[in-house]
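Chemist: Here's the letter readout for the chains.
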Amino acid sequence: MQFGLNESQEFLRDGARKFFAGECPITQVRRLMETDTAFDANLWAKLAEQGYTGIIFPEDFGGVGLGIVELILLMEEAGRALLPGPFFSTVVMAGSLLDATATKEQKRKYLEPLCRGEVRASVAFFEAEGSWDLADLRLTEVNGRLQGEKLFVPDAAVADWILVVARNGVFLVDAKAPGMRVEPLNGMDLTRKLYSLQFDNSPAEKLGETTGLSRPRAIATTALAAEMVGGMQRTLDITVEYAKTRKQFGKPIGSFQAVQHQCADIYLETESARSAVYYAAWALEHHAPDAAAAVSIAKLYASDASRTVGNRGIQVHGGMGFTWENDLHLYYRRAKASETMFGDATFHREQLARLTVDVEAVSVERV
Amino acid sequence: MDLNLTPEEVAFRNEFRTWLEANVPKDWAEWRERPLEESFPYLRAWQRKLHEGGWAAVSWPKEYGGRGATLMQQAIFWEEMARREAPPMANALGLGLIGPTIITYGTGAQKKRFIPKILSADEIWCQGFSEPNAGSDLASLQTEARLADGHYIVNGQKVWTSYGWVGDWCELVVRTDPTAPKHKGLTVLLVDMKSSGVEVRPLRQMTGESEFNEIFFRDVRVPAENVLGKVNDGWNVAVSTLMHERGAYGARLILIFKRNINRLIELSRVTERNGRPASQDPVLRQRLAQCYAEVEIMRLNQLRAFSRVTATGAPGPEGSIQKLFWSELNQRLQQLAQELLGPYGQLLGGDPRAIDKGIWSYGYLRSRGNTIEAGTSEVQRNIIGHFVLGLPRSY
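So the sequences go chain by chain: A and B. Just so we're aligned: the first sequence equals residues 0 to 366 in numbering that gives the first Met the number 0. Just so we're aligned: the second sequence equals residues 0 to 394 in numbering that gives the first Met the number 0.
Isolated chain B, as found in the complex:
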């Protein structure tokens, strides 16, 4: 056990820190307030800059334009991005989830065709997985693809697609064999979103934003060479993509949570409660300390999980609790913020009296989705019960 950074890790951090210092755009604070539709070209330009510096996909192997970074280096990367409050990258899904899946399952031609433009943000990627009737039970999805003279003809509907409105390409999971058991009849297609028959509609969520889209496919023709992996082996390909959701990106969340609890502590010192600062209120002190402790434990669970993966090559049991832990913790943190801020907590961004430009009212509403997106808490507990503890399947 050695929790100090190794000399290589320190060197990696210093190199990236120096690069960020010189390259993070100074005007991001003005842009971040604007809707994503307006700031998107800005984020593309930022990703291009990272790519030119060799920082767009540090986790990827060197031969594909990455740095072959260890998990710990990846964690350092996201921590530094968050520390410096750098803008996010435009092609988040392409870099984080889909690119790595293409590197694993793609043909030589597919890699050559798609990988460089993922890195440069010339082509933005989205994911067509969930459907109106296939959420937690993803493998029951119904969007169908029939092979006819060298093309798959796709019909169906996807939902909860991030970046659908700006996506150039989509990693789409379809049913190619309706007679096979549900996990065995799926295939992954790489679909050009400009194909005829693709229609994208915004899905407005309870925060008022549209982070997600619905996508409709009507007789969309996809060349057969755009199958990723083997036909009817799409479940394994899709699972490989989903596994990347639990990668080092979490390190970024930890820094954000740390920043949030530290900010709440600051606010508690300047917020009056019962004639004294809220920070001196015995109950709120307890709640702040509890939240502080849990954020720290989230960091420690993550470090242990990384070390396990690094040592054994397989994700350790700690990894499976991360999603459950952070999503429920964020809801507690946001509720604590609401209690601390009293009536001001409800004011939305744009209201001149809103605290911190309304991030706490937004955070409260947005955190409600945390225990649903990327696998509900119920599904996470099923996974732990069955795959980690070895209990019989419940469904």
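The following block holds chain A by itself, in its conformation from the complex:
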């Protein structure tokens, strides 16, 4: 048994860290967050050049064919850099959903250009109830048309296609389709913009059944949790650095135990979340019997931890941590948005309870 990264995984992680440090420094993040879409075509082209847009998809469709462990390593680095724009929505959300539900012909048509980085896409799930439960959805396709509303759709304004989860299947809608209206929501996370979508008799192409949702959703949930770990790691690094240099009472504040212990707890929470995320990725990759439980464990822990880590980091910074100029609030905002995305800790504790408290033996669901 070896619960560490192999050489090629370390290579990928180190390469991604270097790439984001060079192409997406925090100054770039701040510039993009002030724009309407947080999208930069130049940065997008470079992501595609690295092969990141096709990372987990089959080589048959122009992907790189790597596994979910590799994906989460990339996402962790993206989270550390606070990568703005539609990478998560396009590659992780829409790409996995296409890969899981579309026919071969549809994959040629949609997944291939996505892998090459020629298009962007997003997934529309939430409706007015704001529920992650499929049973709460109302939007239904009738005769190849959609009528209704979807909310909290990430990066929809720069998407070429929207994958819509409706009561009776997963559908693809062209962003330029008649009757479709995209309007921005004023969300807390400035680096990942959210939108509402209105469909008025908009044509929709069926990709597959909603039963195909569970695996892409598990992949996206785990990848998001990995991104959260990256954010936690960055918060830890910034905070420890500050505690070493900021002086009060003639000493670095990091020499006071009250401050040290906050940092130690950030560390504990970050490493524990990382363990949970790595395992969930491995379990998903290998279709382990406890994969569904592992994904919920990763997301529930990361959801609570990324919030408390942000709280501790800002607290250690004192007044400086509360300023716009300091970067911590950017991570703090992302952490809050990610906490609810794909279900918060309370949601995943209930999912886990269904897999453990309600059954005699621990989870047997394969995803």
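Bear in mind the hints are in silico, worked out from the structure with no lab data behind them. Hints are not guaranteed to be accurate.
[As the list claims (entries may be wrong)] Here are some chain A residues pointing at chain B (derived, C-beta under 8 Å):
hint : residue
1    : C262
2    : Y300
3    : T345
Glycine included, every Cβ here is placed at the ideal spot set by N, Cα and C.
Following the hints, put chain B in place on chain A, whose structure we already have.
Modeler: Relative to chain A, chain B alone:
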């Protein structure tokens, strides 16, 4: 990353499983209820049996009677012991902490003299480290040893000594140079507990048991050849012993925690709360799931730490969070058990109405010590702050 057991690991597990199946005493369930004083000869016999099978000290090098097991194999060993509910070994400290320290620092003569009897449980070992005025600040200890014609004369007091009442030998940390800085004037002595001037008293703890002892040393004579390691280098020797506290033994704890949370889930199904099973109470479901998740994360942190040690030879940063994580988790788990069991939670073993023979009332009280023993949570956070994160020393 490959979380499947290797063929060697599977073979190791199967071999030990088969051995346990044939050798675990059938009557342990009756004995485990009794006080340790009564069951101790039983535990000695059990360790002897393990030793005869070559299983007493799997982590030790082969030349010293071990199996040279990898960390993962050690973890498998403790997991199987817990899975099979095998009795503990009598000489836990000798096998786990002190034997390995003697193997590292001992002279040829010391190894020959002490190692075989540690394995066979003929000689039980205890540890003389903490003192009334040296707890977290261990290096400030005051028990002194003066050299006089080939013997160290030891005077002082130790406290929180496990197995002191039954110990034949003690790994004792003493101050041999009171003028040196506190870490530089310490020496480790191997002390015969039957020496004249050694007095052992039980220390009753809040659970009512006496797991620990106080030991008094009055002009106890220890031959100079019983110095372990170098004179005045005792801090390094002692730290080496303490490092073994965080070894693969933790794998055993994980299985116990898994068993406990699974048992709580079972109990939640048969415990009424607001007119339905507690397992259907929305709040308790959340708490059970949270606890289940944390026990799993404890396992994963441990696996990552083991893999790091195996790959790099040095304990990874994950290792330093283990003690902090499990001790605080156990307190949350025991509190959850209390809430689940309601008024029955407080009933002690022996009360006919106690649930599970009172393990939950005992567990609640005992877990209170978890964040204190083997390094308080505060000390653990200091260690992470200073040694892992590189923050300035706070003391």
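Chemist: At a threshold of 8 Å, is the proposed contact between A/C262 and chain B supported by beta-carbon distances?
Modeler: With a closest approach of 6 Å, the A/C262 hint holds.
Chemist: May I ask you to test the interface hint for A/T345 with respect to chain B, counting a Cβ-Cβ separation under 8 Å as satisfied?
Modeler: holds, 7 Å
Chemist: Next item in the hint list is A/Y300. Is there a CB on chain B closer than 8 Å to its CB?
Modeler: holds, 6 Å
Figure legend: structure checked against the earlier numbered hints; every hint is met.
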